[in-house]
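Assemble the whole structure, with the sequences as input and the hints as a guide.
Just so you know, the sequences run in chain order C and G. Position 129 of the first sequence, counted from 1, bears residue number 129 in this note's numbering, the numbering being contiguous throughout. Position 36 of the second sequence, counted from 1, bears residue number 36 in this note's numbering, the numbering being contiguous throughout.
Hints in this document: simulated from the structure, not taken from any laboratory. C-beta: ideal position from N, C-alpha, C; glycine also. Treat the hints loosely; a few may be bogus.
[Said to hold, decoys possible] Where chain G lies over chain C, by a calculated footprint (3+ residues, C-beta under 8 Å):
no., region
1, 42 to 53
2, 131 to 142
3, 172 to 181
4, 209 to 222
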Amino acid sequence: MSLVVLNAADVAGRGTKTVAVTVGSAGWFNARMTPFLKEVAIPIRREITAVFAREWSRLATAGSYWSGLQRIEIAAAARQARAGSSAGASALPPAATEAASLLGATPARASRSWVESMVADLGSGPYVEIVGVVSRAAAVDTFHRAIGSPLPRLPEPIVGDPTGIHDPAARSGPAWVPMVGGASIVGALSAVPPEAEAQEDMHGPLYLTYEQMQNLEFVRGLSRPQMELVAARTSALNECFY
Amino acid sequence: MLRASSETTGEALDARAITDPSIDPLVDGGRHLIGFVDAVLGGGDVEDSRASLGGALGSDAVVDASGTIANFEMMNRIAEGTGMPVGKGSLVRTEEWRSLIGLDRYRHV
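Okay, here's the thing in structure tokens:
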């Protein structure tokens with residue numbers, strides 16, 4: 001076990017305070033000084049804790065269309081909906097709160113007409129950003145529940161204006177929101193590139209990188225058939241054909 | 001991916017377990033894995049099912065299973081929220097499986 005020092009901006013995305021974290025053999029990460037994975041009795045791969053830290057930093061920082069505060073309020077509304085309670089007071093437009101709540105708790109209820117109404121109210125880019133924020137926050141929370149840790153507190157917002165970054169090549173197609181290069185799950189958020197990049201960033205540490213997915217004999221803690229059984233059952237419980 | 005990985009590795013699989021947890025999926029530790037997913041997403045006793053899974057397959061398996069559930073919580077929301085279509089080719093290739101496990105009960109574009 002050894003001590004390393006990180007800049008807190010890497011961990012929580014704010015400030016410059018340095019914190020010490022313990023790193024064990026084989027790259028295991030004991031994140032006692034971060035909000036993640038408290039009270040966990042089994043070793044967690046360092047890349048998982050690290051990607052959660054990156055995600056919380058992204059969550060706190062202005063995105064393409066929403067400020068850091070708004071992104072946190074979107075994640076909070078989704079978390080409250082999953083817990084079965086109504087969203088608390090926020091400065092979000094009502095449609096943003098509705099989108100966060102439905103996608104957070106009951107995503108299978110998202111119909112074409114509902115998405116079209118959200119896009120009409122919010123714009124396709126802001127809606128796509130909500131999909132990204134909510135989906136990744138759900139992943140972070142779900143991992144904590146599964147592994148037996150309290151949910152991490154949401155980060156404090158970082159002041160800053162939305163960047164407006166989007167891909168003008170995104171086009172309407174068979175999916176319900178514009179995408180770049182045709183409809184695919186990898187490119188689902190491609191109209192807002194930072195959201196697509198964040199999706200890929202989470203995908204690898206939690207499951208497999210897009211390259212590793214091609215290796216059907218990949219083995220880590222689980223074999224591929226075991227992992228895919230878990231994936232398929234998860235999708236079934238979510239009533240998701242995907 | 002499940003069908004392809006099962007065929008590639010030669011690991012036995014009864015895919016009906018995906019939608020019917022009373023069926024043994026035949027995959028090594030499969031019942032523990034299904035029970036863990038159900039507990040995490042269905043509000044069951046996660047602690048017991050985690051201990052059961054860890055006892056059967058080890059702590060690294062618990063981490064991988066937790067990560068896979070989390071990842072597909074993300075991907076399912078992205079697919080549902082963007083109206084991700086399923087290609088005609090995929091529908092043709094998976095017709096037999098979809099029938100076997102009743103997958104068509106779920107909406108697809």
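Each hint tested on the structure:
With 5 residues having a beta carbon nearer than 8 Å to a beta carbon of chain G, the region 42 to 53 of chain C meets the requirement of three or more and the stated coverage holds. Counting residues of the region 131 to 142 of chain C whose CB lies closer than 8 Å to any CB of chain G gives 9, so the stated coverage by that chain holds, three being the minimum. Note: the region 172 to 181 of chain C has 5 residues with beta-carbon separation from chain G under 8 Å; the three-residue rule is met and the coverage holds. Counting residues of the region 209 to 222 of chain C whose CB lies closer than 8 Å to any CB of chain G gives 6, which reaches the minimum of 3, so the coverage claim holds.
When held up to the earlier numbered hints, the structure conflicts with none and fits them all.
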